[in-house]
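Start from the sequences and build out the full structure, keeping to the hints where you can.
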Amino acid sequence: MTTMSTRTPLTTSSATLLVAEREITTQLRSKPFLISMVVLVMIVVGGIVGANIFGGDDEDDQVPAAVVGLDETVTEGLEEAGVEATTSATMDDAEDLLREEEVEAIIAADGDSPSGVRVIGLDSEPNDVAQLLAVTPTTEVLEGGEADGALRMLVPAAFGMVFMFVGISCGMMIVQNTIQEKQNRIVELLLAAISARALLGGKILGNSVLALGQGVVLAAASVVGLLITGQQDMLDVLTVPMLWFVLFFIPGFVLVASMFAAGASMVSRQEDSGTVVTPTMMLLMAPYFVVVFFNDNPLAMTIASYVPFSAPVAMPARMFFNEAEWFEPLLALGVLALATVLMTLLAAKIYSRSLLQTGQRVSLKTALSSAD
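Numbered as in UniProt numbering, the sequence shown ends at 372 without a single skipped number.
Careful: at least some of the hints might be erroneous.
As the list claims (entries may be wrong) - Below, computed lysine to aspartate or glutamate pairings styled on EDC-like, alpha-carbon distance capped at 20 Å:
no., residue 1, residue 2
1, 365, 296
2, 31, 21
3, 349, 181
If you are wondering where the hints come from, they were derived from the structure by calculation, not from laboratory data.
This is the structure in structure tokens:
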């Protein structure tokens with residue numbers, strides 16, 4: 001009597017999760033992947049610490065000045081304000097120090113001055129010292145962001161670099177694995193057990209988890225760098241935009257991952273991959289250049305925040321600058337999610353119709369017109 005054993009076929013969801021698990025474990029065991037992750041973390045932390053060290057010197061420099069006729073309490077106040085005070089017994093002694101350029105100005109008691117002191121320069125008005133002595137009122141803004149200057153470039157550029165580097169690195173993993181499976185004809189064995197859509201879904205899901213993990217690790221590295229350098233205020237301002245960046249990053253990466261997978265399924269050799277992945281890589285790099293060159297252009301940033309490929313970078317940047325209305329992130333996220341769904345459906349059609357075709361590169365027209 002012959003006993004036949006039957007194996008229950010995998011459901012689409014089970015197959016998708018199985019492929020995703022394989023993608024994740026394969027990359028986590030890859031030394032190049034782990035090394036690149038460590039290098040990126042070191043660059044992020046080192047960049048923040050380095051910028052704080054080399055960019056904070058100006059704030060710590062004190063302006064040397066000779067002090068005449070002021071009591072000790074006032075002199076201590078001047079030092080706290082940023083003046084390197086040198087007490088002189090007489091005005092003549094102070095003038096000698098000024099002429100010898102050992103000090104930049106003289107701060108002398110003056111009963112006729114409203115501030116009680118008089119600031120004397122050598123051949124020009126000592127504005128640096130005068131600014132240190134000036135009483136600066138507390139300021140606030142009713143509209144607009146709190147960040148400007150260098151931050152208008154640094155923060156969007158940081159979002160853009162993370163999205164670009166993580167997107168390209170994880171996207172190229174999809175490309176290389178897909179083409180390798182076609183070259184080795186492993187894909188024929190896989191498709192005998194699971195559907196092409198489950199295979200595509202697993203690749204996208206697995207690499208999305210890896211990409212999100214990379215993004216979270218880099219964000220954590222940024223937090224550590226800010227805490228090490230004592231920039232708690234900056235961390236408080238960045239927290240909400242960083243959370244929104246993660247929310248936008250997820251559908252944004254799924255969007256480009258679908259394009260990478262669809263493009264890779266159309267070729268059978270690694271040498272031919274450049275022709276199909278270059279457009280996606282250009283779309284990944286575009287947000288970085290947009291926010292770097294147009295971060296001070298409200299119209300350009302507003303438009304970019306609603307374009308699916310640049311929204312993950314532009315909208316969190318606008319939120320950091322407090323230039324977005326409360327409903328705009330939700331609207332932009334909805335547009336991005338819709339674009340991601342449509343692109344994933346299109347990618348699934350291309351992927352399933354091109355995966356088993358080997359030899360010459362499959363054209364987009366052929367992939368869309370051929371039967372599954």
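Going through the earlier hints one by one, which of them does the structure break, listed in rising order? 1
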